[in-house]
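Asker: As given, the protein sequences belong to chains A and B, one line each in that order.
In terms of our numbering, the first sequence opens at residue 18 and continues consecutively.
In terms of our numbering, the second sequence opens at residue 37 and continues consecutively.
Some clues are possibly wrong.
A short list of chain B residues far from chain A (calculated; beta carbon distances all over 12 Å) [claimed, not checked]: (1) G96; (2) E97; (3) W108; (4) D121; (5) V131; (6) D192; (7) F249; (8) A250.
Partial list, derived from the structure: chain A residues whose beta carbon lies under 8 Å from chain B [as the list claims (entries may be wrong)]: (9) L59; (10) M165; (11) P197; (12) W209; (13) G238; (14) W243; (15) Q244.
Don't read these hints as lab results, they were simulated from the structure.
Please read all numbers here as calculations on a predicted model, not as lab measurements.
All C-beta atoms in this analysis are idealised placements derived from N, C-alpha and C, irrespective of residue type, glycine included.
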Amino acid sequence: MSTTTEIDLANPAPAKPAKARSRRGLRANATLNFWLFTGPFLIGLIVFVFVPMGWSIYLSFFEARFTVSPSSFIGFDNYKAILDNPDFTGSLVTFTVFAAFIVPTTWALSLGLALLVHRIRFMKAFFRSVFFLPTAVSYVAAALIWKMSIFNGVRFGMANTILSWFGVENVAWLANPDPPWYWLVIVTLRLWLQAGFYMILFLAALQNIPAELYEAAAIDGAKPGWQTFRYITLPQLRATSTAVILLLLIAAYQAFDEFWNLLSKATWGQPPLVELYKTALGENQDYGQGSAGAVILTLLILVITLFQGRIMGFGRGEESK
Amino acid sequence: MTTTAPDLGKTPANAKKKRGGGVIGNTGLYLATGVAALLFLIPFYLIVRNALMTDPEITGENWKWFPTDIQWGNITEPFKDETVDFGRALWNSWVVAILHTSGILLICSLAGYGLARIPYKHANKVFYGVLVTLMIPTAVTFVPSFVLVSSLGWVDTYRGLIIPGLFSGFTCFLFRQYFLGFPKELEEAARVDGLSYWGAYWRVVVPNSLNFFAAMATITFISGWNSFLWPLVIGQDPSAWTIQVALSAYMTNQTVNYHLIFMSTAISILPLVLVFLFLQRWLVQGIAQTGIKG
């Protein structure tokens, strides 16, 4: 690959011109190798990420039903149409409600589990594994368990069985939006699936908090428990918390699997991705409107990400490296 | 992760706390952890329970925590079912997950190394190009990606299922972060000894990074095995379904065959649970090492 430089390295020539040539050779060698290592990935990234994005933006300005090579330019009509579509705007509301439930609950549960697992001394690995194990389960499989066994709307579902012991009538968990019990089903499902993953991030951060901080706090008279948690643990976890919240938000935006599988026949509780799927790949195959929706969604995610990064200072640690 | 790192028990503050908190504090701690663990295990138990029961028992008036008569015969049912070709879907999932994992590890680790270690003038600009793709959630690009893949004629093929997913900006990013922390001295010694970048990478860097590769392999395998949206989009024909799409098809079927559905679910989860229990130590270390922790 780079025989010339190797020879140069092996026999460092004392003469100045030779040294200059060797340095130039080294640089060329680095450039060549850089592209050798990153080239395959970058080509794929361009073909399978950047080209589709560009194509999507292009399609969003055209009338494109059942075709991906459209001819009639319609400007912003697709954008107007999809923003006028109550199903799509409603899906943005669904996302907001979903995020408002899932982000704080996952944050709190994963932090709580991390604090528990961090403090126990025996069977630490066992408990960590138990909480992390659901990460291996797919949303489809989890949706099956939730829909058919736990939150089945009839008497033999586990939730309704337990409620019946207390004399509560059968609850139709997923079958109607009023009262919106389906949120309980969806949020608990995702909590179970993802809390263990974020618990690991918090555990890693907890182990990085210097013990001296707790010693100093004890000398200053801080009571172990709530006070040390409030004034030492929580501030020390700030960077991790920020990253976790950002990841949770992005994950919430991408919600598809559990909604698709739990509420496939419903008209309510459809998040943006399910709506886009129906628009672009449903009966009408409207790639133009689907693309316009994808562009709007991407812009929204970008704005939220940047906004949150500004407020919470995500990436500061990266810059200081 | 596995070592109980900075041991708080050694500090005087904690020693005092432990004496003060005493048996009651510890019991409470274990009780809370135990109850939480139990709740986390219930769904797994329900899968096994339902998979080994008869339908009348599952849907019976009286809830039973244990099957009265364990139906071992249920294990073969998914493979006999005629509405969904479960065996085929299982095979597809294995092929896709294995090729997905090996491809992503190869391509993304090379790129991550190049970005982290090879001194090229514009490396940072290239890296920003990769970072941009992290901001675009992959799920949002599925409409244009489907358009592209269908115009390549890759619908219903392994190519269509596997190749578009290989270029993960996130995995590349994680590898870059890892290689930034890799001890430079090892590679420099190899380079002085006359190895090229390529040689140093394969003979020094990779063999010394197997823990991280194992962690990334596990994470990638799990996400490949569990992915649903893309296989749903690409698998228009049932012969191209992966196991997740097949499971989903059970839900929309007219007749609900509970024990069959739960046996299929159990079969779909089992390999991951085994892989996971075997590799969880590396997996946890790997996630903790990824640099997400900020």
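Asker: Does each hint hold? Answer for all of them.
Answerer: Here is what the structure says about each hint:
Against the 12 Å criterion, G96(B) falls within the reach of chain A, whose nearest CB is about 7 Å from its own CB. With a least CB separation of 7 Å from chain A, E97(B) falls inside the 12 Å interface cut-off, contrary to its annotation. Separation of W108(B) from chain A is adequate, the least Cβ-Cβ distance of about 20 Å exceeding the 12 Å criterion. For D121(B), the condition that its CB be more than 12 Å from all CB atoms of chain A holds, with the nearest at approximately 17 Å.
The beta carbon of V131(B) is kept farther than 12 Å from every beta carbon of chain A, the shortest such distance being approximately 17 Å. With a minimum CB-CB distance of about 14 Å to chain A, D192(B) clears the 12 Å threshold, and the non-interface call stands. At roughly 16 Å from the closest C-beta of chain A, the C-beta of F249(B) stays outside 12 Å, upholding its exclusion from the interface. For A250(B), the shortest C-beta to C-beta distance to chain A comes to about 15 Å, beyond the 12 Å cut-off, and the non-interface label holds.
The restraint placing L59(A) at the interface with chain B holds, with a minimum CB-CB distance near 7 Å, inside the 8 Å limit. With a least beta-carbon distance of about 7 Å to chain B, the hint placing M165(A) at the interface is held under the 8 Å criterion. Given the 8 Å rule on beta carbons, the hint for P197(A) is violated: about 21 Å separates it from the nearest Cβ of chain B. Given the 8 Å rule on beta carbons, the hint for W209(A) holds: about 7 Å separates it from the nearest Cβ of chain B.
Contact between G238(A) and chain B, as hinted, is not supported at the beta carbon level, the nearest pair being about 11 Å apart and thus beyond 8 Å. Here the hint on W243(A) is broken, as its CB sits about 13 Å from the closest CB of chain B, past 8 Å. With a cut of 8 Å, the hint placing Q244(A) at the interface with chain B is violated, because the nearest CB-to-CB distance is about 12 Å.
In summary, the structure is inconsistent with hints 1, 2, 11, 13, 14, 15 from the numbered list given earlier, while agreeing with the others.
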